[in-house]
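K.L.:
Read off the chains here:
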Amino acid sequence: MKTNYRSPQQFFRQRQLRLWVVLIILIAIYWLSMAIVSFQTIPSIVKVPAGLVWLFKNFVPTQRSISYLGPILYQLWRTLLVAVSSTICASFFGLIFAILGAKTTTPSPILRVVIRFGASLLRNIPVVAWSMILLFSFKQSDFTGFLALFFMTLGYLTRAFTETIEDLDGEKLQALQAVGANYFQCVFCGVLPEVASTLTSWVLYMIENNLRDATLVGILTGTGVGFLFDHYFKSFRYDAAGLIVLLIAILVILLELSSTQIRRAIA
Amino acid sequence: MLKVIELDKTYGQDKHSLKSVNFTAQPGEVTAIIGPSGAGKTTILRSVNQLIRDNGGQILLDDEDIRQANKKELRKIRHHIGMIFQNYNLISPLTALENVLHGRLGAKSTMAGMLGLYSNAEKAEALELLAEVGLKDYAYQRCDQLSGGQQQRVGIARALMQHPKMILCDEPIASLDPKSTRTVMDILRRLAKEKQLIILINLHQIDVAREYADHIVGINSGAIVFEGPSQSVDDTVLQKIYRQADSTATVTANEN
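Protein chains in written order, with the UniProt record's numbering: chain E, 1 to 267; chain Y, 1 to 256.
Among these hints, one or two may not hold up.
Said to hold, decoys possible - Within a straight-line C-alpha distance of at most 25 Å, the following computed DSS-like cross-link-like pairs (lysine-lysine) qualify: (1) E:K103 / Y:K165; (2) E:K172 / Y:K123; (3) Y:K240 / E:K172; (4) E:K172 / Y:K19; (5) Y:K72 / E:K172; (6) Y:K240 / Y:K123; (7) Y:K76 / Y:K136; (8) Y:K76 / Y:K240; (9) Y:K136 / E:K172; (10) Y:K240 / Y:K19.
To be verified - Here are a few chain E residues that sit away from chain Y, every Cβ distance over 10 Å (derived from the structure): (11) I25; (12) A28; (13) R78; (14) L81; (15) V114; (16) Q174; (17) A175; (18) L176; (19) V187; (20) C189; (21) A196; (22) I219; (23) F233; (24) L246; (25) L257.
No lab work stands behind these hints, which were simulated from the structure alone.
Quantities reported herein were computed from a predicted structural model and do not represent experimental measurements.
Even for Gly, the Cβ is constructed at its ideal location relative to N, Cα and C.
Based on the provided sequences and hints, a complete structural model is requested.
P.N.:
Structural data, given as C-alpha cells:
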C-alpha cells in the first residue's frame with residue numbers, strides 16, 4: 001500500500017481547503033440557479049415584510065371567524081380520522097410486506113425484489129397524483145382521500161419497516177433457530193419484539209405526516225378540512241381560512257407532543 | 001457422547017475451513033476448543049447444530065447422525081442442544097423470563113410458540129432456572145437493562161430450558177469482565193457435573209481453558225492438532241496449536 005507522509009499541519013490545511021471549496025461550490029450553485037429562474041435575492045427579501053403585514057391583516061382570525069368554528073372542528077375531526085385510519089391500515093399491510101421483503105426474514109429472494117419494487121413505486125408517486133388518479137374511480141369522497149394516503153403510506157412504511165428489520169442483528173434470530181424455533185416462531189418471538197418500538201415511532205410519524213397531507217388531499221378530493229379551506233379561501237373569507245391553518249397547526253403540534261410522550265413511554 | 005468424525009467444510013473453491021476434523025466430547029465434562037482466530041472454532045461449533053452446513057463427515061450425538069436429519073428432525077435435535085453466544089443474542093426488549101421461555105419453542109406447536117402460550121409448569125420451571133443461575137430477582141427485568149454477565153446467565157437458563165443433552169458455547173466469556181467470567185464458567189462446570197451435560201466451548205483464553213476444561217481440543221488452520229486432557233496441555237502443545245501457518249515466528253504461549 002502507498003502511504004504518503006503528511007505532517008499534521010499539511011493534513012489540516014488540506015482539510016480546511018476542502019471545506020472552503022465545498023462552500024464556494026454551494027454558493028455558486030445557488031447563484032446559478034437563481035440567475036436561471038431570474039430570481040432576485042435582495043429585492044425579494046425586501047418585499048417580505050410588506051407581504052407578512054398583508055397576511056396578518058387578512059388571515060388573522062377575527063371575532064367573526066369564531067362562527068365558523070363548529071364546521072371547521074367537525075371537518076378537522078374527520079380529516080384526522082382519515083389520516084389515522086389510512087396510516088393504521090397501511091402499517092398493518094406494510095408490516096406483512098416488510099417481513100416478506102426484508103433480507104433477514106424473506107422466504108424467497110424473488111418475492112423480495114417484487115416487494116421492494118412495488119413499495120418504491122407506491123412511494124414515488126406523490127400523494128397529489130394518487131388523489132387525482134383515484135378521483136376518477138372513486139369520485140369526490142373521503143374514501144378517495146383514504147386510498148390516496150393509504151397507497152403512499154404503504155410504500156413508505158414498507159420501506160421503513162424493511163430497513164428496520166434488516167438492521168436487526170441476524171445472530172439473534174440464529175439463536176432462536178438454534179433453540180429449534182421455526183420460521184413463524186422466529187418472526188413472532190424474535191423479530192417483532194425487537195422492532196416493535198421503532199415501528200411504532202414510524203407509525204406515529206406517519207400519522208403526523210398524513211394529517212398534513214390529508215389536508216392537501218382534501219382540497220383535491222373535495223372533502224374534509226382541506227375542502228373547507230379551499231371553499232373559504234375562494235370566497236374571500238380569509239379570516240376563516242386563517243383559522244383553519246391555525247387549528248391545523250395546533251393539532252399537528254398536539255399530535256407531535258403526544259407521540260413524543262408515547263415514544264418515550266415505550267422506548 | 002458427541003463424536004465428530006471426518007468433518008469437512010470448504011468455503012468457495014478450495015478455501016478449506018475444516019479438514020477432516022475428529023474429536024469426541026463426553027457427558028459430564030467441559031470440552032474446550034482452542035486455537036488462533038480464524039482457525040475454524042466457530043465453524044465447528046455451528047456445524048454441530050447445523051447452523052452452518054458442512055460438506056462432509058459425521059456428527060454423532062448419542063450415535064444419531066445430526067447431519068442426516070431432515071428439517072423436522074433437525075428442529076427436534078436442536079431442541080435438545082442449547083447454545084450460548086459471545087453477544088448473548090437475547091431478544092433484548094423482552095424480560096429475562098420471556099427469553100428463558102424461548103427455550104421451549106422447539107417443543108411447541110407453531111401457533112403456541114408464536115403467541116407465547118406457555119403452561120404454568122413451564123413458567124414455574126423458567127423461574128426456577130433463573131434462580132439456579134442467580135437471577136431470581138431479575139425475572140421481570142428487560143434484558144437490555146441487565147449487565148453482560150447477567151445476560152449470559154439468562155442465555156444459560158434459556159439453554160437449560162431446552163432440557164439439553166449438550167450446550168454449545170461460542171466464545172461465551174469474550175465480552176465479560178474477569179468476575180463475570182468466573183461466575184459463568186463456574187455455572188457451566190457445575191452443570192456439566194450435576195446434569196451430566198456435554199459442554200462444548202470455544203475459548204480464546206488459554207488460562208481459563210486450562211482451569212475449567214476437562215478435555216481440550218486444539219485446532220490450527222482447520223485441522224485438529226491436539227486432543228487430550230487439559231493437564232497434558234503444556235508449552236510445546238500450545239506452540240503447536242498457536243503456530244502461525246505462514247511465518248516462522250512462534251507465538252508465545254500466553255498470547256491470545
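K.L.:
Take the hints in turn and mark each one as holding or not.
P.N.:
Hints and how they fare:
With a C-alpha separation of about 33 Å, the suggested pairing of K103 of chain E with K165 of chain Y is violated against the 25 Å cut-off. Between K172 of chain E and K123 of chain Y, the direct Cα distance comes to roughly 22 Å. Compliance with the 25 Å bound is thereby established for this hinted pair. Straight-line distance between C-alpha atoms of K240 of chain Y and K172 of chain E comes to about 35 Å, which puts the hinted pair past the 25 Å bound. This hinted pair does not check out: K172 of chain E and K19 of chain Y have alpha carbons roughly 29 Å apart, beyond 25 Å.
With a C-alpha separation of about 21 Å, the suggested pair K72 of chain Y and K172 of chain E falls inside the 25 Å cut-off, and the hint holds. A C-alpha spacing of about 48 Å is found between K240 of chain Y and K123 of chain Y, which places the hinted pair above 25 Å, so the restraint is violated. Between K76 of chain Y and K136 of chain Y the CA atoms are separated by roughly 29 Å; this puts the pair beyond 25 Å, and the hint is violated. Of the pairs offered as hints, the one joining K76 of chain Y and K240 of chain Y is violated, with about 38 Å between alpha carbons and a cut-off of 25 Å exceeded.
At most 25 Å may separate the alpha-carbon atoms for a hinted pair to count; K136 of chain Y and K172 of chain E meet this at roughly 24 Å. Between K240 of chain Y and K19 of chain Y, the direct Cα distance comes to roughly 17 Å. Compliance with the 25 Å bound is thereby established for this hinted pair. With a least beta-carbon separation of about 43 Å from chain Y, I25 of chain E lies farther than 10 Å from that chain, consistent with its non-interface assignment. With a least beta-carbon separation of about 48 Å from chain Y, A28 of chain E lies farther than 10 Å from that chain, consistent with its non-interface assignment.
For R78 of chain E, the condition that its CB be more than 10 Å from all CB atoms of chain Y holds, with the nearest at approximately 36 Å. With a cut of 10 Å on Cβ distances, L81 of chain E stays outside the contact zone with chain Y, its closest approach being about 31 Å. Every CB of chain Y is more than 10 Å from the CB of V114 of chain E (nearest about 25 Å), matching its label as outside the interface. Interface exclusion of Q174 of chain E from chain Y breaks down, the closest Cβ pair being 6 Å apart, not more than 10 Å.
A175 of chain E, annotated as away from the interface, has a beta carbon of chain Y within 10 Å; the closest lies near 4 Å. Listed as outside the interface, L176 of chain E is inconsistent with that label: its C-beta sits roughly 6 Å from the nearest C-beta of chain Y, within the 10 Å cut-off. With a least CB separation of 8 Å from chain Y, V187 of chain E falls inside the 10 Å interface cut-off, contrary to its annotation. Chain Y draws C189 of chain E into its interface by the beta-carbon criterion, the shortest separation being 6 Å against a cut-off of 10 Å.
Non-interface call for A196 of chain E relative to chain Y: violated, since the shortest CB-CB distance, roughly 7 Å, does not exceed 10 Å. Every CB of chain Y lies more than 10 Å from the CB of I219 of chain E, the least distance being 41 Å, so the non-interface label holds. With a least CB separation of 47 Å from chain Y, F233 of chain E remains clear of the 10 Å interface cut-off, as annotated. With a least CB separation of 40 Å from chain Y, L246 of chain E remains clear of the 10 Å interface cut-off, as annotated.
Listed as a non-interface residue, L257 of chain E keeps its Cβ farther than 10 Å from every Cβ of chain Y; the least gap is roughly 24 Å.
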